[in-house]
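Chain by chain, the residues:
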Amino acid sequence: MMEHEFKYAVIGGGIAGVTCVEQLSALCPDDKILLITASSVVKAITNISKVTSILEDFCVVEKPSVYISENCPNVTVKQTRVTNLQAQKHKIITDEDEYEYGKLCVCMGGTPNIISKNCSYVLGIRDTESVQEFQKRIANAQRIMIIGNGGIATELVYEVEDCEVIWAIKDKSISKSFIDAGAAEFLLPQLSQDKQSSTGSAPTKRRKYTIDGNKFRDIGHGTGTALGPDWSEGLLLKGLDKISHNVKIEYNVEVEAVMEKDEYRITLTDAEQDALSVWPVYVKLTNGTVYGCDFVVSATGVTPNTETLLKNNKFEVAEDGGLKVNDKMQTNILDVYAAGDICSAFWNPSPTWFQMRLWSQARQMGSYAAKSMVSHTRNQDILMDFCFEMFAHVTRFFNYKVVLLGRYNAQGLSTNYELLLRVTKGKEYVKVVLKGGQMQGAILIGETDLEETFENLILNKMDLSRYGEDLLDPNIDIEDYFD
Amino acid sequence: MVIRTYNEEQQYLEKISSCAWKIKKGFVPNMKVEGVFYANDALEKLMFDELKNSCHSQGFGGFLPGMKQIANVAALPGIIGKSVGLPDVHAGYGFAIGNMAAFDMGDPKAIVSPGGVGFDINCGVRLLRTNLSEKDVSPVKEQLAQSLFDHIPVGVGSKGVIPMTAKDLEEALEMGMDWSLREGYAWAEDKEHCEEYGRMLQADPAKVSMRAKKRGLPQLGTLGAGNHYVEIQVVDEIYNKFAANKMGIEHKGQVCVMIHSGSRGLGHQVATDALVAMEKAMKRDKIEVNDRQLACAHIRSQEGQDYLKGMAGAANYAWVNRTSMTFLTRQAFAKMFHSTPDDLDMHVIYDVSHNIAKVEEHFVEGKQRTLLLHRKGSTRAFPPHHPLIPVDYQLTGQPVLIGGTMGTCSYILTGTERGMLETFGSTCHGAGRALSRAKSRRNLDYTDVLDALAEKGISIRVASPKLVMEEAPQSYKNVTDVVDTCHAAGISEKAIKLRPIAVIKG
Chain A
1 MMEHEFKYAV IGGGIAGVTC VEQLSALCPD DKILLITASS VVKAITNISK
51 VTSILEDFCV VEKPSVYISE NCPNVTVKQT RVTNLQAQKH KIITDEDEYE
101 YGKLCVCMGG TPNIISKNCS YVLGIRDTES VQEFQKRIAN AQRIMIIGNG
151 GIATELVYEV EDCEVIWAIK DKSISKSFID AGAAEFLLPQ LSQDKQSSTG
201 SAPTKRRKYT IDGNKFRDIG HGTGTALGPD WSEGLLLKGL DKISHNVKIE
251 YNVEVEAVME KDEYRITLTD AEQDALSVWP VYVKLTNGTV YGCDFVVSAT
301 GVTPNTETLL KNNKFEVAED GGLKVNDKMQ TNILDVYAAG DICSAFWNPS
351 PTWFQMRLWS QARQMGSYAA KSMVSHTRNQ DILMDFCFEM FAHVTRFFNY
401 KVVLLGRYNA QGLSTNYELL LRVTKGKEYV KVVLKGGQMQ GAILIGETDL
451 EETFENLILN KMDLSRYGED LLDPNIDIED YFD
Chain B
1001 MVIRTYNEEQ QYLEKISSCA WKIKKGFVPN MKVEGVFYAN DALEKLMFDE
1051 LKNSCHSQGF GGFLPGMKQI ANVAALPGII GKSVGLPDVH AGYGFAIGNM
1101 AAFDMGDPKA IVSPGGVGFD INCGVRLLRT NLSEKDVSPV KEQLAQSLFD
1151 HIPVGVGSKG VIPMTAKDLE EALEMGMDWS LREGYAWAED KEHCEEYGRM
1201 LQADPAKVSM RAKKRGLPQL GTLGAGNHYV EIQVVDEIYN KFAANKMGIE
1251 HKGQVCVMIH SGSRGLGHQV ATDALVAMEK AMKRDKIEVN DRQLACAHIR
1301 SQEGQDYLKG MAGAANYAWV NRTSMTFLTR QAFAKMFHST PDDLDMHVIY
1351 DVSHNIAKVE EHFVEGKQRT LLLHRKGSTR AFPPHHPLIP VDYQLTGQPV
1401 LIGGTMGTCS YILTGTERGM LETFGSTCHG AGRALSRAKS RRNLDYTDVL
1451 DALAEKGISI RVASPKLVME EAPQSYKNVT DVVDTCHAAG ISEKAIKLRP
1501 IAVIKG
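Protein chains in written order, with this note's numbering: chain A, 1 to 483; chain B, 1001 to 1506.
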């Protein structure tokens, strides 16, 4: 007997959607929950999923079937594409069937922006299907071009070995959305060094995410789930040549044109054509330089995946294309919530928080949206999860640990702030943003051991003026001082 | 504040024994009692260098030398006995870390100060024993560490694995380890081997603010980062066989697990809230202090009482936290060795707090008095036969757990009668660092970075870079010096030394 009515439904099998479903299942073990995903489901690898004094749940790593259904028996997973949403009727229409829901959370993420949609030599690398494609192509490549200046581009530039990389960014410093120009300066030397082999034997300190096996069906372009934090793990990202790192960075440029080999050749004189080194594709940058390469990676962000939803429903959409949500993760349409890359946070945020399309925020939003939906069903009050009080993200760039706290680049503070800085070449980069003597944010690169202390100082809102730059003096055990 | 030369300052300091110095009244204004600090030769040099630097304006404006902080505490209303600096004393917010100060509950002017407890309320140490040996654990060290990481979330933004609702948190704040026991996360005998039996009865969840609760809710059962850690250790030396046996330690190489953690963001918020409230009330109650960070309130005032009740709630939270991690550690070991925590004899040897305020009975000049003791970076060390320590430790005295900094050795001490008299039953808590200016390097390594970062109208202040270990100044008060000094001073006695073989931290 097919189920068609569900108390809760979630569309999207990425980190936001899966976290939402897990949380719903934990809060309402007796209610029917539906997860619809167009592609493989992201699953969290963990040895412990739920620990109580009596019961302990183990999730073994490589399970062939969909992990969610097995561990959350009240959840039904349908791998199919949503073609329409009739929100007033509380109906979801898919390729294969129709479902009714009580409350819905849309976690459909974003579609990668590709700089040249029709060229087969331009690869978007935002989701699961494209990572596999990338891995195939890099094995035969001697030179690639990476366009984009975000987290994926930054990680990719470092991960790729045995292949020349031209990195074209529109900003004047690398990884602009994550770090400042000073930190960029600090990290750059790593690109001319050999890549450190990953410490496979060291224990991992956080939950790991991967993609659920090979259940992928080619449903359509851009329907893969977004990459989680461990996307490059276990992948062989090596090219043809035997060089560790060979990266050239072009600053302040955008792509003017992408041309396949023949397309480009005919624009040249005969002499130029003879002298030309042959590549499958050529990219002309706005500074006039033309590079030939084996293929181009477009890691230029995403556009929220709202097309299907907007067909028949009047959602309020923000300037960045995301569905507006309030401080309960609700859209303007009754019983429809949104979480992850598809939504735009439209509440008045805490002074030290802001939205950034990261896997960690997708997880936080998915979890909070679930709690919100349940509390509304039960007519209970709910307080916003504390993770929305202060921005916090931990990642790794160029083999350094990077911790970003609060308004780490003084976002939104115009010129009304000052900076404290401590740099030890090759070891650590510590930058603190202060306003009115209070810490608003910090960037910590390297094993600084300061993240917990600074998290507390930001949240305590303590007046630090009396310390001046002594606050960062390495001779003072600052974390002990505020213990 | 009077600015004196280093020589002038020294007039107020007098060596009273091979390991103790007196700080006379007048060293800072308004001292009601004298100060005392314990130090061996090495530690003494660090204390005086720190003072000298601050006199010669080589100091760190906002950070006062330990001696001055001890003296400023001696100027607080209602203080009784002496303001005591333990051998690991070093700069802290308000009170120095490693400063014990007692206040007479019978004196209406006596105060309580959150700076005398610390932000990380009930930061403390718990030690579990096992019946495993180093040779059992060494071959599976990495898997065991990974297993612990899987069970115990670490790092900024991590969330607890043990499910917890807002209601659970309220109950945990009120009941401390009794909550854990009820929920099945603790063994009954764990409580016996914990200060206050893991629950401060005066706790009142209503005195813990909503913001503090919000900070605490996702963090329960997590380790955080920084100087908190879980360490797998082995017994390296046994100095007192009788005491060791009472603790269940039979031989060198025996494996133990040390958990060093506190009340996380919840404690921080409780302390912050109290400091704000008390600063406001000080004018009203005409309380004057030498340092703004010594914000305080009369013990019997609304602010004072609110703080003590909130502090007790935060303390309970920390015990629940250490208990949750005990539970998770037991699970991890049991799984690893295909056994049960019971069969592995994973009992709690003891659990001590080193950031807390306690109401205790002590003898002062022959008379019994009720005192409010602030122990910040200082551990309770009750002697044999004290009624508040468990039955099995009545003959040995209370075990005192001293965690070195992560990666260095740790100790177990026992309390003494002499400590009871001299320091109201308090001893050190670990290691520390004296303030010291390294010879500044003409280091222009960072100009590229500075240029890149420069922006109009934004002031950038630069601190010197972190020196490599070998170049770092010897400003470190290592735990062995500290513990040896306590032993020499007779305020606690060495029983066991432990060394780490694996560390779990954020």
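For the record, the hints were derived by calculation from the structure and aren't laboratory data.
Keep in mind that a hint or two might mislead.
Stretch by stretch, here's where chain A covers chain B in the computed footprint (C-beta under 8 angstroms, at least three residues) [said to hold, decoys possible]:
| hint | segment |
| --- | --- |
| 1 | 1060-1074 |
| 2 | 1116-1127 |
| 3 | 1218-1226 |
| 4 | 1427-1436 |
Only a predicted model underlies this, so the values are computations on that prediction, with no experimental measurement involved.
C-beta: ideal position from N, C-alpha, C; glycine also.
How the hints compare with the structure:
| no. | hint | in the structure |
| --- | --- | --- |
| 1 | 1060-1074 | holds (count 4) |
| 2 | 1116-1127 | holds (count 4) |
| 3 | 1218-1226 | holds (count 4) |
| 4 | 1427-1436 | holds (count 4) |
When the structure is compared with the earlier hints, no violation turns up for any of them.
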